Structure formats: structure tokens, C-alpha cells
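Participant: Top line first, the protein sequences correspond to chains A and B. Per the UniProt record's numbering, numbering of the first sequence is gapless, rising by one per residue and ending at 237. Per the UniProt record's numbering, numbering of the second sequence is gapless, rising by one per residue and ending at 344.
Keep in mind that the hints are not guaranteed to be accurate.
Claimed, not checked - In silico contact screen, one side only, chain A against chain B (beta carbon under 8 Å); selected entries: (1) Glu13; (2) Met24; (3) Asp33; (4) Leu37; (5) Ala54; (6) Leu56.
Said to hold, decoys possible - Pairwise CB distance ranges (calculated): (7) A:Asn49 - B:Gly92: 23 to 31 Å; (8) A:Tyr80 - B:Arg192: 32 to 40 Å; (9) A:Ser103 - B:Gly280: 12 to 20 Å.
Since the hints were derived computationally from the structure, they do not count as laboratory data. The structure displayed is predicted, hence computed values, not measured ones. Glycine included, each C-beta is placed from N, C-alpha and C at the ideal position.
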Amino acid sequence: PTYEGHVPLTSIERTALAVGSGVMAYFNPRRADLIALFGETTAQPFFINRLRNAMLKSPTGRRILRDRPRITSTSLSLPYLASLPTNTVGHTYYEWLEREKVSPDTRSAVRYIDDEECAYVMQRYRESHDFYHALTGLPTVREGEVALKCFEFANTGLPMTGLSVFNVFTLKAQERERFWGTYGPWAVRNGACSDDVINVYWEEEMETDVDELRTRLGIEKPPDLRDIRKQEREKRK
Amino acid sequence: MNSISISRSLRRLERLQRLHSTTLSQQYRCFSCSIRNQHETTKPPTSSSQSANYTHFGFETVAENLKQGKVAEVFSSVASSYDTMNDLMSLGIHRLWKDHFVRSLDPGINPILFSAPTSSPSTSSPAASSPSTPQGLNILDIAGGTGDVAFRMLDYASRIHNDSTTRVTVADINPEMLAAGRKRAASSPYSRANRLSFVEANAETLTTVPSSSVDLYTVAFGIRNFTNIPKALDEAYRVLKPGGVFACLEFSKVNNEAFNWAYKRWSFSAIPIIGQLVAGDRDSYQYLVESIERFPDQATFARMIQNAGFELPAKVGELGGGYEDLSGGIACIHKGVKPLEDTK
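Given these sequences and hints, build the entire structure.
Facilitator: Written as C-alpha cells, this is what we have:
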């Protein structure tokens, strides 16, 4: 094994885990550990290497690979984030954590990627996922997650993100319409044209204004999904 | 040699040393390495010459006083999906093993014949007209957790022998497993009839069980997790009545080479994968298969039972050797009887 917790797999084992986790996660997307497993088993050899190379091509990406920062509840000071001005990345992330009632510790460790540096890239992607939610403003409901995964696929190219978009077939009819009509095209357009979000050094961007960061990366904010859903619920009453 | 090639060769040497040290010091759990571990003679400090401070936890080495806690963690985390995982790992065959185990023990009394008289015996034969209460067997199921064997024994006694007095006490060291068992017991008639109780106890020190009080002591797929197996066997000897039966169903060594190859592949590759997918916990299942690997083989364990004072059904090495292999040796039933006179 090349790092602590690494479990080398044979190709039969890897295929079995990939197929098993993919199918089970499709039917039960609440199992975050299966989604993570699906990501790890399908990323090698090409896609995770491509992502690592994308990091190497950017100066910030190179710094991240050298520093290897980790996002956990100990490395981020939540009271500090709460104290920041309202439209900063840090404060938006904090608000988003409160609203969705999640914590930065919910990400499992990477175990099935063989190259040590690529394992870190995967871990970084997994830990940054919450920041992508804050960056795009998409909520953690199934509809929001599917849209965000579509965006991530267009941006990072990891197979798990692309395959997760198949979960759109489990959405309700109105949600599906919204995806094909608004959020899907938004995701593809922005993910493909913007800068690599994996290269954002989140720890340094805490005090940056969110809109400024979006402009810098080339991402437009999609229509607020939470508001739309709330309005629909009101209408139905 | 100029300075560049010296530093390059130094770097190469350092890299080689680092690689060498990591491959030697870490024992990891992929399939081929598990096989290699079997054949390795150099083991971490668990030699018998040293003081018994260290023991095995699967392929890891841990301090003896820590093993109990680590086993507890494993079973707390597997408790909720224990029964499902058993079905998946053994492809349902564990049900056949447990059924055969209970059937071969034939638990239960004949309520007409075996009754204790309620009033003092009359001058004629004791089993005469005076009404009497049948006295069922007192069965102790150790590491019984979710109650698989306990329910089977009660069902067998009730249905085959029409015995409604035999009772089973399920003892387990892990509260989560007991909770799972109690939940199952709630939907059975036994807990209400006071024939089934669940207690938290350590098999190595059964303080709540008086000596010579148990008719039948069973332990199914639990004994390999004990820190000190001889101590547990001694406790079993103490609590059993003279003439009482000790029965153990446990994983053991497969005799056939080819079948063993397939079995090992299943154990070390498929089972951790199923654990990861179904229970979200690869490590606990890796521990389980490693603990099977570490358990002594049939003859050795039979001798351990003999050393505790039990009489075996046959001499070790003769006529099936005092144990019964199931599924080619994947599981094995060991039985022993506590002699009527204390020959220990």
C-alpha cells in the first residue's frame, strides 16, 4: 500500500465494487459512502490522472498539491467563518452549513486509489464538494445534487459525477423538467467554460466576496432552487 | 564520481530504503498478502516465550487488554446488519449449519418422564399419581448475540419434545448484539413465558452463573473472538453440571486444497467487498475473516477442550477425531461432556 489506509484491489474486486456501489447508490443516494466508493473505483487510471494534471498546470493547483491542505472541522474555524462579512465565501459556506445542517467532517477517507498524489486529489475534490454547493447556491436536495454533479462532470471529468446524472430519472416530473430546461444547460455551459474549481485554494478564499470569485472563475449563479421549490410548495397548498 | 551522481545514488538509496521499510513493517490486508501471512514464520512479538501481553486481532497484534474493546467495536458496528450479512457471506448456508448443530444436540426433555415431584414422595414409586412439574433443561448460549441458536433450540424443544420448560439464557459481551436479540425475542412467545433471557456477560468470567448449574453450554461462532480461549473453556467446565454437554460450532480449517483455494478467495476478496457495500464497513469484515484464519485447527482445538477436562466423543486422531466437520471443514462442531466424577 502506498499510503495509510490504502487497500490495493484486483481488477475483479474493483469491477465488483464499482458495479455494486453504482447500482446501490442509484437506488439509495443517501449512502454517501457508496457514492464516494463509486467515485474511487471508476476514476482510475485515466480520469483522476487527468484531474491531477489539470492541477499541475495551474500555479494555485501546484501550491495545493504541495501544501496538501485538508478541510475538516478542526482545520476550519467555524466561529471565525460566522464572523466574516455576509457576502464572503467563508460566510456563505458557514450559512450553507447551518441551513443544510451538515458538518465538514462527513467525508470518508480515500482508500482505493493507488497513486498517493491522485488519492489526495480525490480527497480534495470530496472535501471541496460542499464549497461547490456554496459557490453555486444549489441545495442538498436530490434535484440540487444532480445539477451540481452535472456541473462537476463538465468541470472535473470524473466518471462518477457524470454517471450520477442518471439519477435524474428518479426525480419527480416537475424537477426533471427544471433540470432539462434550466439547470442541466446551466451546468454544462458553466462547467465547461469556467476555470477548474479543483484549483481554488479555499482556505485562502474565505474572505473573498462570493460574486467576485464567481466572476473570476467564470461561473454564473443559477436561479435560486430553494426559492423556486418553496414557491411551488406554497402554490400547491 | 562527481557530486551529481553521488547525490542521485544517495536519493535512490533513500527511496529504496523507504520502500523496503514500508513493505516490511506494514502488514496489509489484500488477498495475496493474507496468503503470504499464513506462510510467514516471522511474526510480530506474540511468541509464547514472552509474557502473554500481546495477542492477535485478526492479522494485527494488539495488547491483550485492548483486544476485548476492539472486538466490541467490531460487533457494535456489525450488529444492525449482522443477520443480513451472515446470509450474504455464507450464501445462506449458516442456517443449515445452525439447524444441524441444534438437531445433533437434540435439546429438550420428555415432560412426562422427567418431572420432579412437587410433594414429598409417597411410599410407592416416586413417579406415581402425585402431580409434578416438569423440569426442563437449563441451556446457556454464550456469545449468542442475536439469538440464532437460542431460538432454534427453544423451537426444537417445544415442537419435537413438546417441552415448554426448557429455558435458554443468551449471554453476550456486546450490548448492541443483545439489543438486536431482544428485538427478535419480542416477536416470539419465549420471553413472555420466561424461557428466554438476555444477559451481558464475559465468557471468561461468568460471575452471574453459579457452578454446576447448566445442562447444555453452547457457543456458535463466538469462541474465536475470545481473548483467552482456555479461560473460557475452564469457565464452561465450571458452570456445567456433571454430565453436562459443551457444544461449540466454529469456523475451522478446510481439508481439501482446491476447495480451500476457492474458499480463501471468497473470504478475503468477496467478504470485505460485501461488507463495504452492504454494511459500509470493510474493516470489521476483514477482521472477521482474519480471525477465522487465526483460529486453531480442528485437532488442536479438540485437544484444548480435552485439556479443560471434558471428555470427547472420540480420541483426537481416531474415528473422526472428536469433532464433526461441516461443509468440508469450513465449520466444525466440537462437543465435550463434563465427566460425572471430577477427574481434573
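Participant: A separate judgement is required for each hint: does it hold in the structure or not?
Facilitator: Tested hints:
{"no.": "1", "hint": "Glu13", "result": "holds, 5 Å"}
{"no.": "2", "hint": "Met24", "result": "holds, 6 Å"}
{"no.": "3", "hint": "Asp33", "result": "holds, 5 Å"}
{"no.": "4", "hint": "Leu37", "result": "holds, 7 Å"}
{"no.": "5", "hint": "Ala54", "result": "violated, 27 Å"}
{"no.": "6", "hint": "Leu56", "result": "violated, 21 Å"}
{"no.": "7", "hint": "A:Asn49 - B:Gly92: 23 to 31 Å", "result": "violated, 42 Å"}
{"no.": "8", "hint": "A:Tyr80 - B:Arg192: 32 to 40 Å", "result": "violated, 58 Å"}
{"no.": "9", "hint": "A:Ser103 - B:Gly280: 12 to 20 Å", "result": "holds, 18 Å"}
The structure is inconsistent with the numbered hints 5, 6, 7, 8, although it conforms to all the rest.
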